[in-house]
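Participant: We have chain Y already, so just place chain E on it with the hints.
Protein chains: 2
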Amino acid sequence: MSSILAVGSIAYDTVETPFGSREDVLAGSVTYFSVAASHFVPVAVVAAIGEDFREEDLGILKSRGIDVSGVERLPGRTFRWAARYSEDLNDRETLSTELGVFADFKPAIPEKHRKPPYLFLGNIDPGLQMQVCESVERPRLVACDTMNFWIEGRREALLRTLGAIDLLIINDEEARMLSGEANLIPAAKKIRALGPRSIVIKRGEYGAAIFTEGFTGLLPALLLEGVVDPTGAGDSFAGGMLGVLAALGTTDAPSLLLALAAGTVMASFTVQGFGMEGLLGATPGAIRRRHAELASLVGAVPRDLPLARG
Amino acid sequence: MSSILAVGSIAYDTVETPFGSREDVLAGSVTYFSVAASHFVPVAVVAAIGEDFREEDLGILKSRGIDVSGVERLPGRTFRWAARYSEDLNDRETLSTELGVFADFKPAIPEKHRKPPYLFLGNIDPGLQMQVCESVERPRLVACDTMNFWIEGRREALLRTLGAIDLLIINDEEARMLSGEANLIPAAKKIRALGPRSIVIKRGEYGAAIFTEGFTGLLPALLLEGVVDPTGAGDSFAGGMLGVLAALGTTDAPSLLLALAAGTVMASFTVQGFGMEGLLGATPGAIRRRHAELASLVGAVPRDLPLARG
Chain Y
10 MSSILAVGSI AYDTVETPFG SREDVLAGSV TYFSVAASHF VPVAVVAAIG EDFREEDLGI
70 LKSRGIDVSG VERLPGRTFR WAARYSEDLN DRETLSTELG VFADFKPAIP EKHRKPPYLF
130 LGNIDPGLQM QVCESVERPR LVACDTMNFW IEGRREALLR TLGAIDLLII NDEEARMLSG
190 EANLIPAAKK IRALGPRSIV IKRGEYGAAI FTEGFTGLLP ALLLEGVVDP TGAGDSFAGG
250 MLGVLAALGT TDAPSLLLAL AAGTVMASFT VQGFGMEGLL GATPGAIRRR HAELASLVGA
310 VPRDLPLARG
Chain E
10 MSSILAVGSI AYDTVETPFG SREDVLAGSV TYFSVAASHF VPVAVVAAIG EDFREEDLGI
70 LKSRGIDVSG VERLPGRTFR WAARYSEDLN DRETLSTELG VFADFKPAIP EKHRKPPYLF
130 LGNIDPGLQM QVCESVERPR LVACDTMNFW IEGRREALLR TLGAIDLLII NDEEARMLSG
190 EANLIPAAKK IRALGPRSIV IKRGEYGAAI FTEGFTGLLP ALLLEGVVDP TGAGDSFAGG
250 MLGVLAALGT TDAPSLLLAL AAGTVMASFT VQGFGMEGLL GATPGAIRRR HAELASLVGA
310 VPRDLPLARG
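Those sequence lines, one after another, are chains Y and E. Each residue of the first sequence is one higher than the one before, starting from 10 at the first, in this note's numbering. Each residue of the second sequence is one higher than the one before, starting from 10 at the first, in this note's numbering.
So here's chain Y without its partners, still in its complex pose:
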């Protein structure tokens, strides 16, 4: 039994940033997600790869104990994506998208994975996300990612998916687009009214917020040197976050804040290397140290403010 089932893409990325470039390297939403989450609980992935997919890349996931029996090898090429990042890494231009086997991807959930305690729906067509929800026994928690492409082009399907999930993890730009609200407080409120009990809004290098019934959490991202490639940061964040929620089995305020911290920590490794390099270099000791650093940065705010009167 796996604690988290993750459904999404496995890809080969070609990325160019001001700090270097990499060609055809292992990437994709479930790849980043599962490696990050695997530090906390067992993970199984469902995805499609092409005939050209390198066996040793599957070995990378296996070496992290990830169950890849749901990874289907299909006739054709593996999904490929190429992009170039701006000088400050805050913008990127997609140079090419070659869907390959991903074009006709219909996630088939193996029998043994149809009772996942935790389910992560990576950034794929919301119609497929909904099909996955319908083909498994109701998990304890369903988390979901999406992007502006689906918010604009598949709004109705996305709204149906939002009605079936517990936790939406998106960035601030996507939250504004989905809600039509510029301010994150009403944006989160509107999105929660669409279905998800909780929403995480990521703010890139500035951190992330979680909004849920009766609790709002807000953490800055770690201040980092040596940031070279933001690709996969969002999926690594989701992996750390859901990994901790699955490990704890609780969703009270301290658990959510700890999960937010773990997401922040896992993403911090990813951005310091190209492709999966940074994340794969994260050892349990390094993860512990970075979490302690984050907790120290923010965690000691005394409650007693020395007001002169009142």
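These are computed hints drawn from the structure, not numbers from a lab. Possibly wrong hints are sitting among the right ones.
Simulated coverage check for chain E against chain Y, where a stretch passes if three residues somewhere in it have a Cβ under 8 Å from a Cβ of chain Y [claimed, not checked]: (1) 44-50; (2) 191-199; (3) 293-299.
From the structure, some residues in chain E lie toward chain Y, with a derived Cβ separation under 7 Å [to be verified]: (4) Y215; (5) G216; (6) P229; (7) L232; (8) E234; (9) V237; (10) A256; (11) L257; (12) L306; (13) V307; (14) P315; (15) L316.
From a predicted model like this one, the values you see are computed outputs, not experimental measurements. Don't be surprised by glycine CBs; every beta carbon is placed ideally from N, CA and C.
Facilitator: Chain E only, in chain Y's frame:
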């Protein structure tokens, strides 16, 4: 005896934002600073006003218990500044600057204020900031603000001032300009090597960081609705911060983090009103509640991360 002596500008601002406008309203660096700091310790201000300055505006400071005996009324008009903010409030265009009595401002420190335990040097010519330092007995802590105008145009004078202060409070853009480093970690390191033992780098709506020997603190800003005018946020931040440091009399890590939180809280009131309206509406009860909210947003990050192994 006053716990903080603040030297800087008192002004009449005319401000236009997407949410409204105000003409010739009370403003200026020491005005925002002193009102914010007055919630924690006694404050005295040194500044210049013109013949046109309204007595009731001085009354606003007096009503907060602020010692205005160092405010000099000079022949001529009060310093005036007019600006228009962009749609998202992140950019502003200065429409006019009328220096008035501020043009020849030479801060004269009254005899009774020459032994200030804490000194705040508002954003004025760094040569004048240095003169103030030289005309008082060494305070326990000197905090200082500056801006790109002085960083570019008066670099040598600013470097001398930096050699005489303990705490520099600037924003991220200014830190990058002063240090020549895009990343805040090396930027803070370089600036601390110029003199100040500690540096606070403000990141607008995203929060603020403090860098000091052996400790880095980082807090997000409060998520706010109803933000209408960012003018004075930086000085209010400095006021809350120095107010808490003066009230505590300590500069250990918890004190610095609490001061950072108090700065964040005081600035949050300022941006929710035009001119001084938001800050003047902050009651001790509201300040306490907002601080508790900030502490709750970030303050409960558990230290024990549920890693699977290691």
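Participant: So, for every hint listed, does it hold in this structure?
Facilitator: To see whether the hints hold, each was checked on the structure:
no.: 1; hint: 44-50; result: holds (count 4)
no.: 2; hint: 191-199; result: holds (count 5)
no.: 3; hint: 293-299; result: holds (count 4)
no.: 4; hint: Y215; result: holds (4 Å)
no.: 5; hint: G216; result: holds (6 Å)
no.: 6; hint: P229; result: holds (5 Å)
no.: 7; hint: L232; result: holds (6 Å)
no.: 8; hint: E234; result: holds (5 Å)
no.: 9; hint: V237; result: violated (12 Å)
no.: 10; hint: A256; result: holds (4 Å)
no.: 11; hint: L257; result: holds (6 Å)
no.: 12; hint: L306; result: holds (4 Å)
no.: 13; hint: V307; result: holds (4 Å)
no.: 14; hint: P315; result: holds (4 Å)
no.: 15; hint: L316; result: holds (5 Å)
In summary, the one numbered hint that this structure violates is 9.
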